[in-house]
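> These are the residues of each chain, in order.
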Amino acid sequence: MNSIPDIYRILPEVILTITGVFVMLIDASIPPLTSRRTLGWLAAIGTGIAYLASVWQLSLPMGTAYSGTVETSPFTVFFHVLICGIVIVTLLLSLDSLPEDSHHQGEYYALMVFGAVGMCLLTAATELLVVFIGLEISSISTYILAGYRKQTGKGPEAAIKYFLLGSFATAFLLYGIALVFGATGTTSIYDIARTAANAQNQLLVEGALALMLVGILFKVSAAPFHVWTPDVYEGAPSPVVALMSTGPKAAAFAFLLRLLYEMFPHLRHLWSPVLWVVAVLSMTVGNLAALRQQNVKRMLAYSAIAHAGYLLAAFAGFGTAGIAAATFYTAAYAAMNVGIFALVTVAGGYNDERPLIADYKGLIYRSPLLGSLIIFFLISLVGIPFTGGFFGKFYSFTAAVGGGAVILAVIGLLNSGLAAAYYLRLAFAVAQRPDDEAQAARTPLAPVGLGIITALALATIATLALGIIPGGALHAAETGAHTLQPSPAAPTVPAEVTVNQTAP
Amino acid sequence: MDSMILTLILLAPLAGAILVALLPDRSKLPAWLALITTLITFGLTLHLPAHYDAAHPGFQFVVNKPWIENPAIFYHVGVDGLSLWLVVLVGLLGPIGVLASWKSIQRREKVYYSLFLLQQTAMYGVFISLDLMVYYGFWELSLVPMAILIAMYGRKNGSAAATKFFLFTFIPSAPLLVAILYLYARTGTFDFTQLRTDVAVGAVPASALFWVALAFLFAFAVKVPVFPLHGWLADTFSEAPVAMAMVVAGKLGLYSMLRFHVGLFPIQAHNIAPLLIALGVIGILYGACLALVQRDYWRFLAFAAMSHLGLITVGIYGFTLTGWTGATYQILNNELIDAALFVLAGALEIRYATSQIAAHGGLANRVPRLATLFVIVSLAMIGLPMLNGFIGEFLILSSTFTVSHSWAIAATVGVILSAAYMLWMIQRIFYGTESKLAAETPAHDLHFGEQLVLWPVAVLLLIMGVVPNLWLRTIETAPKPIVLQQARFADQNIDQPAVTPASVEVQR
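Protein sequences appear in the order of chains A and B.
Numbering-wise (my numbering), the first sequence opens with residue 1 and increments by one.
Numbering-wise (my numbering), the second sequence opens with residue 1 and increments by one.
Incorrect hints may have been included.
What the hints assert, rightly or not - Taking beta-carbon pairs under 7 Å as the criterion, some of the chain A residues facing chain B (in silico): (1) Ile384; (2) Pro385; (3) Pro434; (4) Gly472.
Derived from the structure by calculation, the hints contain no laboratory data.
Note that the Cβ used here is the ideal one computed from N, Cα and C, for glycine as well.
Based on the provided sequences and hints, a complete structural model is requested.
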């Protein structure tokens, strides 16, 4: 083994855990009903240190620790940085939007940080049981956070729905792990990757893949496992939705990449057509349903489903091209989605007092800055050039075309045209002249605090940077992809298989 | 300087847009800033014709720097005879647009002018990009400020018109992007000149090229718009602010057809040309007939524009040198005439607060200068000799005669109809018995700002009609002979195309 202490390999997770525990302890020691904003800053700073620690991990040589259960590589660092970034922004966003009189603010901040621990662990794990633990830590935090607004009817409904369906999906994943253990006698991802192709009972391996796919596709809210998404997004507080529509999704996609490209590349002829169908279904179902929504958060929930579909299109690409495209998309999607939900928090109100598209009418007249930013993020979601959303889609569909799935790319792009219809409905509602212009100018939105401004600035800069100079992020994603597939992608399947899958 | 100039032209309006967005929304400050920015940019664009070397045709003022490593996207810009004057045209329409908005935009000037300047950048970008991805980026970007401005400043139902416009023009760009990606997957480059060679030597299978070329054509045809893809046009014209309506149709799509459809896929374009000539002629006649029956002058202008754009389409797909030169020249003419007509119609609307043609009548005595200019511009549009519209129409029609007599005759009927609807429109608005509206509304003739825009344009229309060679000389250096040869290879049966520079005959 190398001489690097094992603890260095999980330093970000350790820092995050310590931060979370500290926040909880301090929360318990300050008197009730006093402001806990400082705890939020503390959590954000702790996550910031974890962010830096992740970047520092790049200087370590690639390798595993704790008997091969966790790994540091450019791939894990990319996702660590992304997840810590998301959590910092959502923490800053929560600072100003949580009601001051809330009793549970300390727990809220701690749970966000613990969620980050789980997500980071999930992306770093090279052992299926650690994967499971990471997934559970992140899921349980988000289950609780989703029900944070206990006083409203929708909050507990969201939490319980998410919890029941989520645990059901996790059970699938666990069952899959058990089957793969039965087939190969190990739960280490690298060992499975070596032995799965030669396992005696291929049916068992294929069954395991199917079950694990169900579990993960639920987490990324891909159709047909998406039904929970709109209800949960509607019921959960907007800052929490900003987190759970991006962070756990990014982590789950990271694991999905490992699962498909690292563990079961030899089953590509099976999972590639399946994902083709899932991608098309997600985009189409998501977009068609979103067209009819009146509630902004439900609309964005369906848009999240559609975006999962665009991202899955990248899986039609071979090797590093596909992995890099999917990785890049998670980052681009996270930047713009956190941004739009930050604005929904401000414009819609913390308790969703103004949930409908009609309530956004003339917003740009009440607050030019926030109104313009909403339009900006919506344009990025549409996928207009010079925004992160464009290059996300661009790389994803380029990977698909490169993998031979031209029809998938065409369907995807036509879908993004369809999606423009509902994004624009919101954008034009924001831009529309209000009935009483003078009154609108006199009733500006509630003043936004430093936390929200910082959060918005970070999300805007990230979305713009990914759209104008995507080279750096793409390079990082490609380096990460190489660590997942060290040898330049030797397609394990003959080319005609991919040609077939474009033909249905 | 020569290598920097295009970048400067591209970035100047963007810098102006950011400046307008950052400075406070004091009355008229954004408008002044926008005016200064567009004037500076216009000055910069004049550098191009002054230093363009017509003796060495091909792309000039070229910058080619890597932008994104993977996929290999280059910041590759340059102009040739085809795009040179279009860049100058965008520059000229900049200050005209600002001055046309001066009175009509009274609220939210900051948003308006920063989006206006962003739109300028996007249009410059479309005309100078030689990397297909960069081009696509600007092509898409040009939709956004336009759509937002229509939604925010629409007359009655802006957001419905904006949605219609955006979807109509955005959805066809999905196949366009796939086609660009497919070309990249086959050839490994987005570079226009490189792709032109690759396509010519057959690096892309011909069966796929058919679909690729079709995807390109579809996206451009919607943007022009070519009949029957014109569904968005009338609503957009009747809702968009004047400065936006004057740039929304025509030049982007027509230029893209010449550069990227005919230029990249000459064989496919030549094969599909008969269809487009037919659609173009149908568009001429259909637009003219609809223009005759419109009651609202914005919708009237929309169909009149459609009719004239159909003629340019015919010129492009006639596949003769004369036709291409005429089409390029006619794009310039058409945009200028449309811009002037829009400014005039906007001036009418501010004064009389209605766009119903029937409500007007007998205005000539009340607003004589407005009426005079309207007549001059209309005559240019009809194609009166000595004015610029004549040159373009003559070149296009004479080229069409060499292709097909019957189509040329049909197109000429459209030109005659254009005289009918324009003159009838003038008669209904400016002459005849004085209407109640004219009698009751206090008459304000064109004020200084409006005249400042319109008289120079009117003079320009005359100059362009008398000494077209100033322009045609550079336009003829556009990269056409290669294309023509290829087209001839593709179709050996074609009769000897009229390559005699008809422009010289026009001169005599």
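> Which hints, by number, does the structure contradict?
3, 4
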